[in-house]
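Listed in order, the protein sequences are those of chains A and B.
The first sequence begins at 0 in numbering that gives the first Met the number 0 and counts up by one.
The second sequence begins at 0 in numbering that gives the first Met the number 0 and counts up by one.
Just so you know, not all the hints are guaranteed correct.
Covered stretches of chain A, as calculated for chain B (at least 3 residues, CB under 8 Å) [to be verified]:
1. 197-204
2. 218-225
In silico EDC-like pairs for lysine to aspartate or glutamate, Cα to Cα no more than 20 Å straight-line [claimed, not checked]:
3. B:K148 x A:E72
4. A:K113 x B:D196
5. A:K273 x A:E23
6. B:K140 x B:D196
7. B:K148 x B:D68
8. B:K140 x B:E94
Think of the hints as simulated: they come from the structure by calculation, not from any bench.
Each residue gets a CB set at the ideal place from its N, CA and C atoms; glycine is no exception.
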Amino acid sequence: MTIASASAPFPPAAKRQGFRLSGEALGTLFAVPALLLITALILAPLVCLLALSLTDYEIGAVSIRWLGLGNFEKALSDPVFRRSIGNTLLYVALVLPGGVFLGLLVAVLVHGRKRSRGFYEVAYFLPVTSTLIAMAAVWQFLLHPKLGPINSALKSLGFAERAFISEPELLIPTLAAIGLWNLIGFNMVLFLAGLAAIPRDLYDAAEIDGAGGPVNRFLTVTWPQLAPTTMFVAVTTSITSFKVFDTVAVLTRGRDGSEVLLYAIYLEGFQYFKMGYSAALTVIFLVFMLVFSVFQAFQLDRRVHY
Amino acid sequence: MLFGLTLGAISKAFGTTRVLDRVSLTVEPGEFVSLVGPSGCGKSTLLRIIAGLERQDDGTVSIGSRVVDALSPRQRNIAMVFQNYALYPHMSAFENIALPLSVGRLSLPERLPLLKYLSPRRARIMREIANEVEAVAGQLKIEALLARKPGQLSGGQRQRVALARAMVRQPSLFLMDEPLSNLDAQLRVHMRDELTDLHARLGATFVYVTHDQIEAMTMSSRVAMLDQGRLAQFGTPIELYDRPATLAVATFIGSPAINVLAAHSDARGAVAIAGRASGLHVHALPDQALSLCVRPEHLRLARPGETPQLLARLRRNEHYGAERLLHFDLAGDSARSVIVRLAHDENAALGGASETAIGLAFEPQHAHLFNAEGLRVEALGHGTSYRTAAQ
Numbered sequence: 000m001t002i003a004s005a006s007a008p009f010p011p012a013a014k015r016q017g018f019r020l021s022g023e024a025l026g027t028l029f030a031v032p033a034l035l036l037i038t039a040l041i042l043a044p045l046v047c048l049l050a051l052s053l054t055d056y057e058i059g060a061v062s063i064r065w066l067g068l069g070n071f072e073k074a075l076s077d078p079v080f081r082r083s084i085g086n087t088l089l090y091v092a093l094v095l096p097g098g099v100f101l102g103l104l105v106a107v108l109v110h111g112r113k114r115s116r117g118f119y120e121v122a123y124f125l126p127v128t129s130t131l132i133a134m135a136a137v138w139q140f141l142l143h144p145k146l147g148p149i150n151s152a153l154k155s156l157g158f159a160e161r162a163f164i165s166e167p168e169l170l171i172p173t174l175a176a177i178g179l180w181n182l183i184g185f186n187m188v189l190f191l192a193g194l195a196a197i198p199r200d201l202y203d204a205a206e207i208d209g210a211g212g213p214v215n216r217f218l219t220v221t222w223p224q225l226a227p228t229t230m231f232v233a234v235t236t237s238i239t240s241f242k243v244f245d246t247v248a249v250l251t252r253g254r255d256g257s258e259v260l261l262y263a264i265y266l267e268g269f270q271y272f273k274m275g276y277s278a279a280l281t282v283i284f285l286v287f288m289l290v291f292s293v294f295q296a297f298q299l300d301r302r303v304h305y
Numbered sequence: 000m001l002f003g004l005t006l007g008a009i010s011k012a013f014g015t016t017r018v019l020d021r022v023s024l025t026v027e028p029g030e031f032v033s034l035v036g037p038s039g040c041g042k043s044t045l046l047r048i049i050a051g052l053e054r055q056d057d058g059t060v061s062i063g064s065r066v067v068d069a070l071s072p073r074q075r076n077i078a079m080v081f082q083n084y085a086l087y088p089h090m091s092a093f094e095n096i097a098l099p100l101s102v103g104r105l106s107l108p109e110r111l112p113l114l115k116y117l118s119p120r121r122a123r124i125m126r127e128i129a130n131e132v133e134a135v136a137g138q139l140k141i142e143a144l145l146a147r148k149p150g151q152l153s154g155g156q157r158q159r160v161a162l163a164r165a166m167v168r169q170p171s172l173f174l175m176d177e178p179l180s181n182l183d184a185q186l187r188v189h190m191r192d193e194l195t196d197l198h199a200r201l202g203a204t205f206v207y208v209t210h211d212q213i214e215a216m217t218m219s220s221r222v223a224m225l226d227q228g229r230l231a232q233f234g235t236p237i238e239l240y241d242r243p244a245t246l247a248v249a250t251f252i253g254s255p256a257i258n259v260l261a262a263h264s265d266a267r268g269a270v271a272i273a274g275r276a277s278g279l280h281v282h283a284l285p286d287q288a289l290s291l292c293v294r295p296e297h298l299r300l301a302r303p304g305e306t307p308q309l310l311a312r313l314r315r316n317e318h319y320g321a322e323r324l325l326h327f328d329l330a331g332d333s334a335r336s337v338i339v340r341l342a343h344d345e346n347a348a349l350g351g352a353s354e355t356a357i358g359l360a361f362e363p364q365h366a367h368l369f370n371a372e373g374l375r376v377e378a379l380g381h382g383t384s385y386r387t388a389a390q
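Generate coordinates for the entire structure from the input sequences, incorporating the hints supplied.
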């Protein structure tokens with residue numbers, strides 16, 4: 000009686016009409032829209048890029064020739080392009096550790112503030128919100144060999160004045176310093192979020208265990224607890240610094256040996272209209288990014304999640 | 000080495016909120032003392048002050064005969080077990096337990112990656128530490144878990160690792176901040192047992208914070224109940240149960256909770272509940288509103304011919320096997336209900352009719368009276384001139 004009345008609202012399963020999909024087919028069906036989007040927006044352009052990189056296609060050219068790996072051979076034997084790879088790697092080598100550690104340092108210091116915290120957060124974050132192209136004009140003035148306040152400061156301290164944006168050995172470090180200035184605030188915010196998530200109990204436990212001093216506390220609790228954040232910051236920072244472009248475009252225009260990867264791609268593709276060659280350079284750029292990201296994701300990820 | 004603990008008039012305020020108000024108590028060496036009270040009563044703050052994680056505004060903390068107010072938690076040589084275990088998630092159970100020792104015995108460079116291999120004495124010290132860790136792990140039966148990280152351990156196993164980390168330094172005082180509240184009910188009962196055993200085996204002084212009165216009652220040698228930052232009562236569990244000093248203690252200790260009845264004393268001090276004589280007298284407090292409390296096991300159905308002190312209607316009858324709880328709504332005041340606890344074999348002539356009021360009775364010597372401020376009032380029983388008890 001009770002069983003019959005309870006099942007009454009539901010029609011018997013046998014009466015259901017229409018065709019049925021197996022779980023697998025249904026799953027595929029659900030995945031199709033995403034698959035189409037990924038194909039249209041990411042995979043297809045990538046294939047086009049790879050195809051282009053094997054040709055001598057130029058914008059407006061009437062004929063198009065298959066070059067095979069010719070573009071890549073040319074690129075890797077071109078001293079200017081090789082210098083741009085070297086410059087980019089040097090830039091990343093300066094900005095990646097600097098951006099991570101300065102971001103962490105600033106975050107730890109700001110985190111300890113109580114009333115002044117809001118002020119410091121805004122102050123360090125301002126460069127992130129400003130447009131680097133516009134701020135480059137300010138940097139140009141600041142770094143000017145004759146008029147710039149940085150050089151006057153150096154001079155008053157007894158150092159010789161330096162031309163920061165034309166002396167070849169200073170070019171990339173100067174650009175890296177500007178890149179850091181632009182980046183630290185962002186990393187600080189990420190680290191602050193990580194710091195806020197550390198349970199207070201752990202600091203209490205560290206203090207009871209005798210690891211309550213600043214150095215011990217940092218090594219026992221803060222740094223290990225921030226490992227996932229650090230991993231994320233390192234990946235985003237390396238991607239951002241690999242893509243350095245605007246400061247080069249505005250401050251040096253690749254003069255005096257300050258070429259970087261993205262600027263080289265831009266010059267070949269959009270100044271000289273050599274789309275095929277530019278596509279080959281882009282592929283090289285992508286390979287760098289890929290190797291870097293995969294290494295970070297697999298190597299670090301294994302050690303930072305508990 | 001056994002140490003006691005003395006708190007001298009500890010006060011603490013956060014901003015304008017006073018969380019502790021002149022709390023004084025003395026814990027004898029080797030004692031198991033529970034700090035209980037409802038959430039927000041200040042018990043955790045008091046424990047943090049004993050640990051040295053928080054500074055009191057006023058008063059002194061002494062461990063043994065030494066005033067420790069100026070000492071860091073480490074120097075106080077206390078150990079603490081936290082509610083969320085507070086294990087370092089990136090370290091194995093072994094490393095967690097070893098940390099209090101390695102921090103104390105190795106210099107900073109000897110604990111850093113790579114640099115540590117430069118120290119010639121490090122290997123010897125690490126061997127000593129490993130021996131001590133394994134000895135403690137053996138006592139808690141977690142030797143097999145030492146290589147695992149906290150994320151791979153169950154709640155009960157984590158709690159044991161946290162206990163081992165506390166024990167490994169052989170502290171003079173164990174502080175525990177609701178260590179069992181994150182465990183499921185069955186495991187909690189089991190760990191209660193183990194902690195009691197551990198206390199007996201170590202013979203160390205335990206201060207144990209809990210909001211669970213059953214934990215406090217079953218494990219401690221003495222219980223300190225805090226209420227709104229004040230020490231409401233400090234005594235053995237049975238003292239708190241049998242002679243609660245305040246209404247807050249009476250209602251907090253005991254499960255099911257004590258029955259609280261609104262009572263009134265007339266001009267001659269005779270105490271009545273809803274106009275019915277209770278059999279209690281308070282000559283010193285004529286014409287006052289009082290709270291009269293009776294434990295469920297002291298309330299019974301009135302015998303035939305007896306004048307009941309309460310009239311009530313039966314609402315629910317819960318059978319627990321060994322005992323029975325009868326829930327009554329008071330006649331004329333249905334907002335107030337009382338619980339009567341009967342043994343399994345006790346016969347209750349309920350008559351089946353829930354519409355008719357049933358008479359309930361209690362012996363006057365089992366009732367507790369509290370004045371409007373919630374403080375205990377001594378009463379005289381009817382007829383016999385006995386006092387409930389002498390302090």
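Hint check results:
no.: 1; hint: 197-204; verdict: holds (count 5)
no.: 2; hint: 218-225; verdict: holds (count 5)
no.: 3; hint: B:K148 x A:E72; verdict: violated (51 Å)
no.: 4; hint: A:K113 x B:D196; verdict: violated (45 Å)
no.: 5; hint: A:K273 x A:E23; verdict: violated (47 Å)
no.: 6; hint: B:K140 x B:D196; verdict: holds (14 Å)
no.: 7; hint: B:K148 x B:D68; verdict: violated (35 Å)
no.: 8; hint: B:K140 x B:E94; verdict: holds (17 Å)
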